[in-house]
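**Q** Sequence:
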Amino acid sequence: MKKPTLLIIFLIVFVDLVGFGIVLPLLPIYAEQFKASGFMIGCIIASYNLMQFFFAPVWGKLSDRIGRRPIILLSTAGSTISYAVFGYASLQTGTYGLIILLVSRMLAGVFGANLSVASAYVADITPPEKRSRGVGLVIGLGFGMGFVFGPIIGGLSAAFLGISGPGWVAAGICLINFIAACFILTESKSKDAKPAVKRAQFQQWMHTLGQPKLRLLVLLVFLATLCFTCFESTLPLLISSYFGYELSECYYFLAYSGFIAAGVQGGAIGKLVNRFGEKPLIFASFFGLTLSFFMIPFKQNVLWILISLTVYAVFSGINRAPLTGLISMVSPDNEQGTNLGVSQGASAMARIIGPPVALTLYGMHTPLPYWVFGAVALVAGVIAGIYLPKILGQTKDGKGGANTTADTTTAP
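Residue numbering for the sequence shown follows the working numbering, starting at 11 and increasing by one per position.
These aren't lab readings, by the way, just hints derived from the structure by calculation. One should not assume that every hint holds.
With a straight-line cut-off of 25 Å between C-alpha atoms, the simulated DMTMM-like cross-links for lysine to aspartate or glutamate are [to be verified]:
#1 K281 to E197
#2 K281 to E139
#3 K140 to E197
#4 K281 to E42
#5 K309 to D343
#6 K400 to E139
#7 K140 to D343
#8 K309 to E242
#9 K45 to D343
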């Protein structure tokens, strides 16, 4: 794998998550500045994920047809524009500013729906047996570090450049990444690869989910993301109510968990996959998430929450890369981007559904979302334990990798 090329892919994922971390802390400020209701702010957040739901499969499918490089360049240029619009929106007031803010987040969702293409790029240049490690090192590490540094970059740029600073800084990072990609990024898709089959959006979803292996893996991605959204949306409120921290200070706890998850995905995941295989790690990760969710609200002291966050971060770090690696391994070369796009679309839908459900449960009883989503993680672990060995079979070395031959076993 070429390190400069992988650095570009890493930065693409990093910037996507940096944008997420930049925007969330600023939303209460925008709510006051634009005199927006909580419902409108919720719609702005949902618009980003809704655009990802629709466009992730589109970009993935296009990358299978015309190549990864053009789509990555287009999405990076589009992200630059979206954050510039976000910076401009920050300077406006009233309804006009709110509309521009909504447009900026929709554009960010459209052009940020490129994780499937980035994952397909890594899959193209990585041998099947090393894909989970490659995805963890590049995609997972980008996720973790972006989640950590987003609030930091947002806070510093707002302090030194004003409220529009975070948008301009994010746009600048995207622009630098775009220029570097133009010179460094080469096409990863083989010229000899079979052409992708043309299908309408709904037909593509049905085609992907009609395959038992992919249906099972996409379901597990959806359930895992539901659990992650519960954590992301309620943890600052939980820590604030339990310990009296300001909401802005609660992001230190998110940064702590992000650092640990990034370390797992960037360093340990390759060795773990080599030692145990993807399927046992996925199974264990869901039960680890279950344990962490029941631990987090159990005691009201800082040491306990740090221990709980460590458990959560380790197992969430283990979860993502093996799932993405298996989706890549069971997908034909001419459907890598398409199937990874459907997976990203399912993840985006979970991000639309998860936060309002988690916050509603939180309003009913503080620990309730952790109990409910802990149960979701438990169910996902049971599904993974029962169906992954049946659907995906065993590799020659018995470590539980994907068997890419067709099968007719029924998945949930």
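**Q** All hints, please: hold or fail.
**A** How the hints compare with the structure:
1. K281 to E197: Violated - the C-alpha atoms of E197 and K281 are around 29 Å apart, more than 25 Å.
2. K281 to E139: Within the cut-off at roughly 12 Å; holds.
3. K140 to E197: Holds, at about 20 Å.
4. K281 to E42: 48 Å, violated
5. K309 to D343: Distance of about 49 Å is beyond 25 Å: violated.
6. K400 to E139: Since the Cα atoms of K400 and E139 sit roughly 20 Å apart, the hinted pair holds (cutoff 25 Å).
7. K140 to D343: With Cα atoms ~16 Å apart, K140 and D343 stay inside 25 Å; holds.
8. K309 to E242: 19 Å, holds
9. K45 to D343: 49 Å, violated
Checked against the numbered hints above, the structure breaks hints 1, 4, 5 and 9 and satisfies the rest.
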